[in-house]
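*Asks:* For reference, the chains in residue letters:
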Amino acid sequence: MNYLLTEEQEMIRDLCRQIAEEKIKPVAAEYDEKNEFPWEIVKIMAESDIFGVYIPEEYGGMGGGVLEMAIATENLSWGCGGIALAFAATGLGTYPILLYANDQQKAKYLPDIAAGKTLAAFCITEAEAGSDAGGIKTTAKKDGDHYILNGTKQWITNGGEAEIYTVIAMTDKTKGPRGASAFIVEKNTPGVSFGKKEDKLGIRGSATREVIFTDCKIPKENLLGKEGLGFIVAMKTFDHSRPGVAAQAVGIAQRALDEAVKYAHERRQFGNTISSFQGIQWMLADMATQVEASRALIYAAARMVDSGAKNIAKISAMSKMFASDVAMKVTTDAVQIFGGYGYMKEYPVEKLMRDAKITQIYEGTNQIQRSVIASALIKEGLAK
Amino acid sequence: MKILVLIKQVPDTTDVKIDPVTNTLKREGVAAVINPFDMYAIEEALRVKERIGRDAEVVAISMGPPQAKEALKEAISMGCDSAILLSDRKFAGSDTWATSYTLSQAVKKIGDYKVIFCGKQASDGDTAQVGPGVSMHLDIPQVTYVKKIEKIDGEKATLERMTEEGYDIIETPLPAVFTVVKEINEPRLPSLKGKMKAKKAEIPVWSAEDIGCEEDKIGLDGSPTRVVKVFTPAPREGGQIIAGEADEIAVKLAVVLKDIVLGG
Amino acid sequence: MPQKEMIRIVMDKCTGCTLCVKACPFGAITIEAKKAVIDISRCTLCGACVEVCKFKAIELDKKEAKTSVDFSLYKDVWVFAEQKKGKVQSVAYELLGKGRELADKLGVDLCAVLLGDKVEAECAELVARGADKVYMVDNPKLKAYLDDPYTKVLTRLVGKYKPEIVLCGATVIGRSLISRVAVTINAGLTADCTGLDIDEKEKILLQTRPAFGGNIMATIITPNHRPQMSTVRHKVMKELSPDTSRKGEIIKEEFSPETFESRTVLKDIVEEIEETVNLAEADIIVSGGRGVGAPENFSMIKELALSLNAALGASRASVDAGWIPYSHQVGQTGKTVCPKLYIACGISGQIQHLIGMQSSDVIIAINKDPDAPIFKVATYGIVGDIFKIVPALTKEFKKILK
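Residue numbers (my numbering), protein chains in the order written: chain A, 1 to 384; chain B, 1 to 264; chain C, 1 to 402.
The following block holds chain A by itself, in its conformation from the complex (with noise of 0.2 angstroms):
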């Protein structure tokens, strides 16, 4: 299907898929039995320049947008959703820098992560923190030239590989909302320590785990941005990483979706494959057009985004909650297709299911989304 995309954006595609059907899905269940972090996968990523799609030229990127940034994250996760975080919680750790930072610090970090030589990962939730951001308890507080931070962060991707955090903290609890600031943050700064990882039920192809900061000493240079500006540094962050998320959603849900119509044309019962029943042709086509329409919706929310536009945070959420609820049900049809071999570890579905779940949950659940899509609305409304 012809989806309009740039000669660019079809490399972007091509190379992604081609990594994710001759790298990532041969050793895809592997990594998630065991629970590892693909670091053989990371390089031959950076290898490729996947790492740097979405960031600036001038700092070794390829200068693409929202857009390539989900298409190159879609292809990676059809390979498999785990290992394709790698690259996708990078971005979302890299947001606020590129929306934020300043010349020295862009400079500072930028061509690292591009290469792919360093790995990056965003630093809000907190145990009593979730979908309640604002009640987030990690301080930085003014040294002279540093910030101190104490604090602890809960189930960060990719925390413990990456070596750039961007973290947001409390610098002014009495301002509420206008309190907290976001901050760049080393892997080997003192006072930085990592919880166990986490043993998920999916997308264990990826490494979550607890940061602590511990009087952590950062450069006052590390800030982004101005004190008080860490929410919108947070939600505008989200509002260009949420098409990623939905894209990675859909990448999984494509991936059922073939393997559902595979196996729908080898399997055999009364007499006949089990694709020449309607039943079965009537999932498959629901699945099939659900796909399309994520997909459909996830491009236009990153063309959006990448035109400039204010008022992104509406088709943001909507994307990344819609692939989300698609993948989790396209993923749960194919376990139903493939049957009792559906359940089974050693067919590849069981594990698609499992590794849509967290689509509808991190980056926002799905009910915050709904919240932010109503609120858009009524302020939509509003203002008419």
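Keep in mind that the hints were calculated from the coordinates and are not lab data. One should not assume that every hint holds.
Lysine to aspartate or glutamate pairs mimicking EDC-like chemistry, simulated, CA-CA at most 16 angstroms apart [claimed, not checked]:
(1) K258/B to D283/C
(2) K84/C to D138/C
(3) K388/C to D247/B
(4) K85/C to E165/B
(5) K236/A to D306/A
(6) K193/B to E7/A
(7) K229/B to D138/C
(8) K197/B to E8/A
(9) K398/C to E165/B
(10) K235/C to E245/B
(11) K357/A to D103/A
(12) K182/B to D70/C
(13) K84/C to E164/B
(14) K399/C to D247/B
(15) K197/B to E10/A
(16) K200/B to D216/B
(17) K226/A to D103/A
(18) K229/B to E51/C
(19) K87/C to E125/C
(20) K197/B to E7/A
(21) K90/B to D39/C
(22) K395/C to E245/B
Starting from the structure of chain A, add chains B and C where the hints point.
*Replies:* Just chains B and C, lined up with the frame of chain A:
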């Protein structure tokens, strides 16, 4: 220092299927790819460049129809610095003698090369003759079936040549031709920057005249071998299907195969 | 004045039926505006399209593929007797077997060419296997194969004695050596021949080999160049049993020292031990394919092989999946085997695999897909689950072999 890689664009034989009605090859829509063995040659050339550093340059060369430019672009997207296509209607019908002569003429024109890499053989012709042919036309040493380059500098190289029993260690002066086997490396994927470079790359096309080919040495005239007949082989007769439960089948087969199995 | 192409489509006869498109092994024909169009740059003038066209819409000026030069000076069939560590390799005996047939048809001598160091003792066996003459060049510098001296020696021998046919094994050594000689003397070389015969009328060598993965066979000749050279893979031809009553002449040749100079230096020979029975020599081979499913399941195949004292083979799918090393691969890009019994488990029988094993005496195929191509070549086919059948077979064979 120039490192040359000779590549060939071939049909993707994993795609080639037999038409059950006419019993001939189904050729429509068969993708053309770089000869799989040549991928290892390109990869090794790139690794040698990385080992030597500084002013090493990898040039990919192919003899073929205009479509072969796609294969050369893929070579550039993997990291080759440049590419040259040898294309001319006069090359049509070349067998390996004429092909190795033509490639050698191009190599002579490029000059200043230290190593010429080739894949072990092409997946369509399978003759494995072009590499050695080129070394003879250029009168330079060759090492075939290379599975590892232990040492290499601007003057000589020490290599492992795969044999049926293991390998030989061979030392050769440069320039030389190396044909490589699959065991030598794992070819890299293209990079985005490489693909961009390939997109913009200007690939010169050299004709028979450009490389000073003598007419009677190229194309059909230059080919000592001639295909006189093409036919589909008599299919081997299928035998009988044995049915039943696993145990029954095993017993039936054991009876039938007894003589062979007991060494009769 | 535009040159008339040697092959052309007769437009008013062509119906665009696409039979020629499908028949062309080189992809040189496409259909444009319902008429066939030949891409001259891809066309090798092989004539496959001419044969299939029902409407006689393709005209081919066959260049006179008859011998037009006098080659009466060239006589005899030669076989390069490859030796390693002083022992002649069995592929040379197979070639002598075929060479004897060719020489008899032509009414000429069959000669073996033996290069090595202290290899005179091997000459007797070469004669017993069919050679009328053995040209031997014995020199310490020829102990192990090196490109330069072997190429020079063989080239000079060919130049001196002018054989009309030279056969050589398609081995690492054979392929390296014979291509160099062929280019030097501007001879035609056809690699990996599966069939060799003599055209009785023209007295020339007909070389048959597979093209495009073996689905198409091509017959090739070298009309205007001598000698006609071919390489043949191990186990394709059949050797003659040794006949010690045969008599043959041994001709020792000497060359000047510069002939034996080599630019490359052989520093060491390293042997790697294979843990299972040598695939190429095995009488029984059990192979596993994609249907085996996972590396741990290969042990089931291995057990069957062990119960039969057989060698373990594999299709490319299982090698590529990393379940078994490449040294076990049977097929176009692996080994060609010709055992008495070949058992294919979970192998679909793609043409690339069939090429490597279809000349086995008896083929057993086990596959759950009744349409798998392997059943077309299997002597006995079993449509079923390898995970049930293979263990049952293992049990049964263990019983009878007790």
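*Asks:* Hints first: check each against the structure and report whether it holds.
*Replies:* Cross-check of the supplied hints:
1. K258/B to D283/C: holds, 14 angstroms
2. K84/C to D138/C: holds, 14 angstroms
3. K388/C to D247/B: holds, 9 angstroms
4. K85/C to E165/B: With a Cα-Cα distance of about 12 angstroms, the restraint between K85/C and E165/B holds, given a limit of 16 angstroms.
5. K236/A to D306/A: holds, 13 angstroms
6. K193/B to E7/A: holds, 13 angstroms
7. K229/B to D138/C: It is violated: about 41 angstroms lies between the C-alpha atoms, which goes past 16 angstroms.
8. K197/B to E8/A: holds, 12 angstroms
9. K398/C to E165/B: violated, 32 angstroms
10. K235/C to E245/B: violated, 36 angstroms
11. K357/A to D103/A: violated, 38 angstroms
12. K182/B to D70/C: violated, 44 angstroms
13. K84/C to E164/B: Roughly 11 angstroms separates the two Cα atoms, so the pair holds.
14. K399/C to D247/B: Given pair K399/C, D247/B holds - Cα atoms ~13 angstroms apart, limit 16 angstroms.
15. K197/B to E10/A: This hinted pair holds, its Cα atoms lying about 15 angstroms apart.
16. K200/B to D216/B: Judged against 16 angstroms, a Cα distance of about 36 angstroms means the pair is violated.
17. K226/A to D103/A: holds, 14 angstroms
18. K229/B to E51/C: Status holds; Cα separation ~10 angstroms.
19. K87/C to E125/C: OK: K87/C and E125/C at ~10 angstroms, within 16 angstroms.
20. K197/B to E7/A: Holds - the C-alpha atoms of E7/A and K197/B are around 13 angstroms apart, at most 16 angstroms.
21. K90/B to D39/C: holds, 13 angstroms
22. K395/C to E245/B: Roughly 14 angstroms between the alpha carbons, so the hint for K395/C and E245/B holds.
In this structure, the hints that do not hold are numbers 7, 9, 10, 11, 12 and 16, in rising order.
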